[in-house]
Amino acid sequence: IMGEFFAQTTEGDGNYKMAKWLIEEGAEPIVEPVSTWIEYLIYEKFLETKERAFKDRVKALKIIYLIKLLHLYFRGVYNLYRFALGNKPDPLKSQRKLAEYAQDYYNVRLSGGEGHMEVGKHIYMVKHRKAHMVISVKPFGCMPSTQSDGVQSKVIEDLGGSIFVSVETSGDAETNVKSRILMKLYEAKLKAFEEYERAKEELKVKDEDVEKAIMKNPTLKKASLKLPAKYISTSANALLLVK
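Numbering of the sequence shown is given in the working numbering, commencing with residue 7 and proceeding in unit increments.
No lab work stands behind these hints, which were simulated from the structure alone. Quick caveat: nothing in here was measured; it's all calculated off a predicted structure. Heads up, some of the hints might be wrong.
Claimed, not checked - Within a straight-line C-alpha distance of at most 25 Å, the following computed DSS-like cross-link-like pairs (lysine-lysine) qualify:
1) LYS232 <-> LYS218
2) LYS218 <-> LYS236
3) LYS56 <-> LYS136
4) LYS227 <-> LYS103
5) LYS23 <-> LYS160
6) LYS197 <-> LYS232
7) LYS206 <-> LYS218
8) LYS136 <-> LYS190
9) LYS160 <-> LYS218
10) LYS133 <-> LYS218
11) LYS210 <-> LYS232
12) LYS26 <-> LYS103
13) LYS210 <-> LYS227
14) LYS94 <-> LYS184
15) LYS195 <-> LYS94
16) LYS61 <-> LYS133
17) LYS227 <-> LYS94
18) LYS103 <-> LYS56
19) LYS26 <-> LYS68
20) LYS195 <-> LYS210
21) LYS227 <-> LYS206
22) LYS61 <-> LYS51
23) LYS227 <-> LYS195
24) LYS160 <-> LYS26
25) LYS228 <-> LYS136
26) LYS222 <-> LYS197
Stated by the list, open to error - Each pair of labels, with its calculated beta carbon distance range:
27) GLU207 <-> VAL83: 40 to 46 Å
28) LYS136 <-> VAL83: 38 to 44 Å
29) LEU76 <-> GLU203: 16 to 22 Å
Just so it is clear, CB atoms sit at the ideal spot from N, CA and C, and this is done for glycine as well.
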């Protein structure tokens, strides 16, 4: 789930309780951490300072140095909490990498909202095999998101096989939003099922082997279990611990 900062992170009516609803529909949603937004602000300040360095190079170097220190500290704190949680949360995406992915489609210096990150995240999720489907959620009339949506059709065409849906939240659109998502979610479920069956075939694992492994090793039931990341879906990756 990505999109406008508040709409993607809230757990209430701001996005029609999107994450909870997707779970009820049989999906496993990934919600972007607030830390990504903070890193985006740090990266934007870095670019701004770098572009205006000609005015006062010494001052600009000092600011860039402080920005890099802040970034290192912030990453360190985030990774400390990741370690405390058994490295279950994914590491933060590189803002430089997101900008590189997006720059052919969206000017990274157009600030406001999520800016180029919506385009960059979409490409990142597909290229790094992080999700079967990407949902972009934003409030009605969010200009930066509307601009990024304008290039998503080209991104989908270039990526090939991406399942992407963009929705807007307004007072009367919940039914329309969820019906649009359900159509794409059906496609994503088919891809996940195909991946699971392919994983079973590649690993030579049968359903009864999974049941036996769970009976023998109860830790496989723990939600905090860190899984290998060969496949996209959790179920397919879990098979790697069964073989």
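Verification of the supplied hints:
1. With a CA separation close to 20 Å, the supplied pair LYS232 and LYS218 stays within the 25 Å bound.
2. Pair hint LYS218 plus LYS236 holds up; C-alpha atoms about 22 Å apart against a cutoff of 25 Å.
3. Distance hint between LYS56 and LYS136 is unfulfilled; the C-alpha atoms sit about 32 Å from each other, more than 25 Å.
4. Between LYS227 and LYS103, the direct Cα distance comes to roughly 35 Å. Violation of the 25 Å bound is thereby established for this hinted pair.
5. For the hint pairing LYS23 with LYS160, the CA-to-CA distance comes to about 29 Å; that exceeds 25 Å, so the pair is violated.
6. Between LYS197 and LYS232, the direct Cα distance comes to roughly 23 Å. Compliance with the 25 Å bound is thereby established for this hinted pair.
7. The hinted pair formed by LYS206 and LYS218 meets the criterion: a straight-line CA distance of about 15 Å does not exceed 25 Å.
8. Proximity of LYS136 to LYS190 is assessed by CA-CA distance (about 17 Å); at most 25 Å being required, the pair is judged to hold.
9. Taken as a hint, the LYS160 and LYS218 pair is broken in the structure, with Cα atoms around 46 Å apart against an allowance of 25 Å.
10. For the proposed pair LYS133 and LYS218, the alpha carbon gap of about 34 Å is over 25 Å, so the pair is violated.
11. Using a Cα cut-off of 25 Å, the hinted pair LYS210 and LYS232 holds, with the two alpha carbons roughly 22 Å apart.
12. Distance check on the hinted pair: LYS26 and LYS103 sit about 30 Å apart at the alpha-carbon level, beyond 25 Å; violated.
13. About 21 Å separates the Cα atoms of LYS210 and LYS227, which keeps this hinted pair within 25 Å; it holds.
14. Between LYS94 and LYS184 the alpha-carbon distance is near 29 Å, which puts this suggested pair outside the 25 Å criterion.
15. Of the supplied pair hints, the one linking LYS195 and LYS94 holds, its CA atoms being roughly 23 Å apart against a limit of 25 Å.
16. For the hint linking LYS61 to LYS133, the alpha-carbon distance of about 39 Å lies beyond 25 Å, and the restraint is violated.
17. A C-alpha spacing of about 15 Å is found between LYS227 and LYS94, which places the hinted pair at or below 25 Å, so the restraint holds.
18. Proximity of LYS103 to LYS56 is assessed by CA-CA distance (about 18 Å); at most 25 Å being required, the pair is judged to hold.
19. Between the alpha carbons of LYS26 and LYS68 the distance comes to roughly 45 Å, so the proposed pair goes past 25 Å and is violated.
20. Between LYS195 and LYS210, the direct Cα distance comes to roughly 22 Å. Compliance with the 25 Å bound is thereby established for this hinted pair.
21. Under the criterion of a C-alpha separation no larger than 25 Å, the hint pairing LYS227 with LYS206 is consistent with the structure, at around 19 Å.
22. Under the criterion of a C-alpha separation no larger than 25 Å, the hint pairing LYS61 with LYS51 is consistent with the structure, at around 16 Å.
23. For the given pair, LYS227 sits about 22 Å from LYS195 by alpha-carbon distance, which is consistent with the 25 Å threshold.
24. About 30 Å separates the Cα atoms of LYS160 and LYS26, which puts this hinted pair outside 25 Å; it is violated.
25. Distance restraint check for LYS228 and LYS136: the Cα-Cα separation of roughly 21 Å lies within the 25 Å cut-off, and the hinted pair is therefore satisfied.
26. Between the alpha carbons of LYS222 and LYS197 the distance comes to roughly 30 Å, so the proposed pair goes past 25 Å and is violated.
27. Checked against the hint of 40 to 46 Å, the pair GLU207 and VAL83 passes, with Cβ atoms roughly 43 Å apart.
28. Remark: the range hint 38 to 44 Å for LYS136 to VAL83 is contradicted by a beta-carbon distance near 23 Å.
29. Remark: the range hint 16 to 22 Å for LEU76 to GLU203 is contradicted by a beta-carbon distance near 47 Å.
Hint compliance for this structure: hints 3, 4, 5, 9, 10, 12, 14, 16, 19, 24, 26, 28, 29 are not met, and every other hint is.
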